Amino acid sequence: MGNLLPFFVFLLSLQVVAAKASDQNLPLVRFQGCYDGDTCTTTDAEKVRLACIDAPELKKRPRFRATKMSPIAYDNTSSERSADGLRALVLGRLVRIRRITTDRYGRTIAELFVDNRNVGQQQVINGHAVISQRYASQCAWATRS
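In the numbering used here, the protein residues as written are 21 to 165.
What the hints contain is simulated information worked out from the structure, not anything from laboratory work.
Hints may be right or wrong, so weigh each one.
[Unchecked claim] The calculated label-pair distances, taken between Cβ atoms and stated as ranges, are:
id	residue 1	residue 2	range
1	T122	D43	18 to 28 Å
2	W161	R113	17 to 27 Å
3	L46	R127	15 to 25 Å
4	P47	K79	31 to 41 Å
Please read all numbers here as calculations on a predicted model, not as lab measurements.
Every residue gets a Cβ at the ideal spot worked out from N, C-alpha and C, and that includes glycine.
Model the full structure from these sequences, guided by the hints.
Shown next, in the form of C-alpha cells:
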C-alpha cells in the first residue's frame, strides 16, 4: 500500500494540471455589473448566474404593506456585501466562462474563472455565498467541500 501513495499523488497532480490547462481554453468575457452575489451581466448583455452557489438576495419591496404603525425596513447588509465581493472579483477583468446551461429565466448558468481561481468558490471561501446542495454536482469543487 505504501508504494501506491506516490502514484495517487501523481495522478492527483495530473488532474490539477489538466484542469488548469482546460481553463485556459475557455472563452473570455467582461462584466458590466453585478446585481447580487451570484448574478452579473456581461458587456454583451448576457445575464450570468454563478453555478453551484447561492448568495443572499437583495430585497426590493416588502411582502406586506407597510403602515405608519409598523414600517418595514429591510436589512440588505449581507446581500450588498456579497454583491460587492463579486464585483471586486470580476469587474474590470477578463473572466473565463464555462457555460453549463440556461435557467428558466433565460440566464446562463456558468462557472467563472479569474487568474485560474473559481469565482463561485471564492465567494464561498470569502463568506459571501454558500454551496447550493441542489446543484453542487455541476461543479467539481463543490462536491469535494
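Hints numbered earlier in the text: which of these fail when held up against the supplied structure? none
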